[in-house]
Amino acid sequence: MSELSGMQKTERWLWPIFATALFLLFWRYAVIWTGTRVFPSPIEVKLGLTQLVDGGVLWRDIVDSLRRVAIGYFAAVGLGIPLGLLLGWYPSLNQIVNPVVQILRPISPIAWIPVAIILFGVGDDAAVFLVFLGAFFPIVVTCVDSVSNVPLIYRRAGSNFGLTGPQLLARVVFPAALPQILVGLRIALGIGWLVVVAGEMIAVDSGLGFLIIDSRNSGKRYDLVVGAMLLIGVIGLILDVLFRRIETIKRVRWGFRNES
Amino acid sequence: MSSSASARAAMAIHPTLPSLPIKLRTENVGMAFLREGKTLPVLEDINLEVGNGEFVCLLGPSGCGKSTLLSAMAGFLRPTSGAILIDGEIVRGADPRRIFVFQERGVFPWLTVEGNIGFGLRKLPSKERAERVNHYIQMVGLEGFGKSYPHELSGGMKQRVEVARALAVNPDVMFLDEPFGALDSITRLVMRSELLRIWQAERKTILFVTHDIDEAVQLADRVVVMSARPGRIQQVVSIDIPHPRDISSPRYLELRDGILGQIGLAHRL
Ligand SMILES: Nc1ncnc2c1ncn2[C@@H]1O[C@H](COP(=O)(O)OP(=O)(O)O)[C@@H](O)[C@H]1O
Ligand SMILES: [Mg+2]
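Protein chains in written order, with our numbering: chain A, 1 to 260; chain B, 261 to 529.
Extracted from the complex, chain B is given alone in its bound form:
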């Protein structure tokens, strides 16, 4: 395989941001599904280190295994080979310290906005719970909708509910799987900047899956570019532009075009 040399070169070392201790690390993670009697390799040789408080985007074409990788990191799936470690411990299942945000479809339709956001807080006394719920309702800008049900909300509002529900349990890590993919383009931009604002305030480690190059370059400290199936890490690009990012700056365009080139697309249609 001619690609294996370049893949090996790319996976050699992916330095985390220098000052950050390592929060999550994958060691030779491979994933295969059994389908119609055949094994279908979906991920191969995923080696990645993510620093504490870092914002990492996983970028790759549809079907390359991004969701699979994220689900394995969150503990919903066991990798077929290799290991995933968080805080030095092997991930063995889902855990409230690491919350997975689904593309707005994870909001529970039978609960109100308050019920959803307070879902993970059942062990708190009710007064404290109400305070936390209110705090996060405000943080995501849903004041006045606490008693509303999800089906009465727009897609963007539901996505905010899900983000708030995740934040409310104060996790160290958040996994977001194309969270804004179903939103219209304006709402998507608003949600990106709000996510950045929240991330800067709370400094969670964020793993964010997207197939949108601009989204990745706008948000991430580092962009992990994945190849088509079986998904491998093709390249890791550090986005060394401070927030708020000027998306017409030469550096932004340079990084974006570099990734486009890496994926094999010239930036013209």
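Chain A on its own, in the form it takes in the complex:
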């Protein structure tokens, strides 16, 4: 890590580009060597994607996927953080609710698809609901953990300066727990992005997940399947990189010091 960060600016870009080029090269020759007729080469994928861009469909799919993730994710954040803080703040309440959370948490959101369709019908809401489920439980659990990990010293210092109850929670416990909460939020965003693709394969007729399943079903367009897969990866990476910028905000920077 430290060696990487110590690299020259150009080198930091050069090596990843080199690695990507190597990967594409390997891909290309693997296709040639194996003589596959199904799996597309990088160039075919690029042509396929260009076709989609020109047709104006790709943007719509990307925006649809992002919109579903955004709605489901922000709903999970908006409900999960208050609930997590509450449960972390009142351990006795947490003891009551925790078994339910622990049972629901390991259920893959994919397993909820039939339920989601019953509840919301085939459409946006079902996909959004799946994203919400995927993000909600990790957020609640990290919030509970991070609140209970806040050092006693901070709570004592806060109460020493006259803070009680909600004030102590807002001015001491929450900011103290925030770096750890952010880690959970970042993981939850990643899960949301994983889940939306799965949801779109079944519950809706747009989005990158639908693009994959539709390309396969209507004409076995594996160039588009792989193209959509790569796009999903790139967008997921971009989301993660954007999220990580939050970690450089000074108010939370202290919690991430070792990673810099």
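To be clear, the hints were calculated from the coordinates, so they are not data collected in a lab.
Keep in mind it's a predicted model, so treat the numbers as computed, not measured.
Take these hints with a grain of salt, some might be off.
Derived coverage of chain A by chain B (criterion: at least 3 residues anywhere in the stretch with Cβ under 8 Å from a Cβ of chain B; other residues may be distant) [said to hold, decoys possible]:
1) 152-162
2) 173-187
3) 246-254
Note that the Cβ used here is the ideal one computed from N, Cα and C, for glycine as well.
Place chain B with the ligands on chain A using the hints.
Frame of chain A; chain B with the ligands shown alone:
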């Protein structure tokens, strides 16, 4: 128990400095923790009177209950038996009039130096708050670091932030729990003399925990020597040397060696 006679003799009366009214007093304070089903006595029969504006050091080996006693005085813990009174009233919880200074780890890392020092001043109008914050930033010598975050500061600077944060709310009593323990020896000496300077300027009542005999004798009006667990008051030594103290004077050495002897250590290794 053979020690109980001497303990009783020691706890009989600990006169405060003659001219000072009593600020804090403990009456037969005992403290026990429950651990693995057994009760672990940590403090026994703590009787102590601290005068208003007095500087008292609690000195004792690691684990003898100094932090526990200080936390009880600050209202973070309830004593198992006995009572702690401040201004004649039983302590029932933490209170901004009595601030506890933790060993630099109590500084809030999510706030700037200014944010930390102003933390207890949220009820003041912002102009007044800024003035007070500036005043204490200067007092502890952190000019120019107001906008810095704790992780950008050294250990000594963080400790200054914590002291300033405590001073800013103008408490009557300050509890300091080995505040300079994590600092290097030079910084520690500087911080001691700065604490004395501040104490002489503001005349707070200070209870200062340390396991360092020299630190206790350099700082305190009186040193309360505690025995190993369960912690009892073994002896109270008045340090009758005016500040600034000459730490090579015969009287200083005599007092220090007296305490060393009391703890059962000759002053040779
Ligand atoms: N909350 C607690 N629960 C159980 N034991 C404790 C607790 N706090 C302190 N102790 C025990 O009490 C003893 C005294 O601790 P402490 O007051 O921190 O000593 P000192 O500050 O003198 O080093 C130690 O043996 C410690 O393990
Ligand atoms: Mg201690």
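Each hint tested on the structure:
For the stretch 152-162 of chain A, the proposed coverage by chain B is satisfied: 8 residues have a C-beta within less than 8 Å of a C-beta in that chain, meeting the threshold of three. With 3 residues bearing a CB less than 8 Å from a CB of chain B, the stretch 173-187 of chain A meets the requirement of three and the coverage assertion stands. Counting residues of the stretch 246-254 of chain A whose CB falls under 8 Å from any CB of chain B gives 5; the rule of at least 3 is met.
Consistency note: the structure conflicts with none of the earlier hints.
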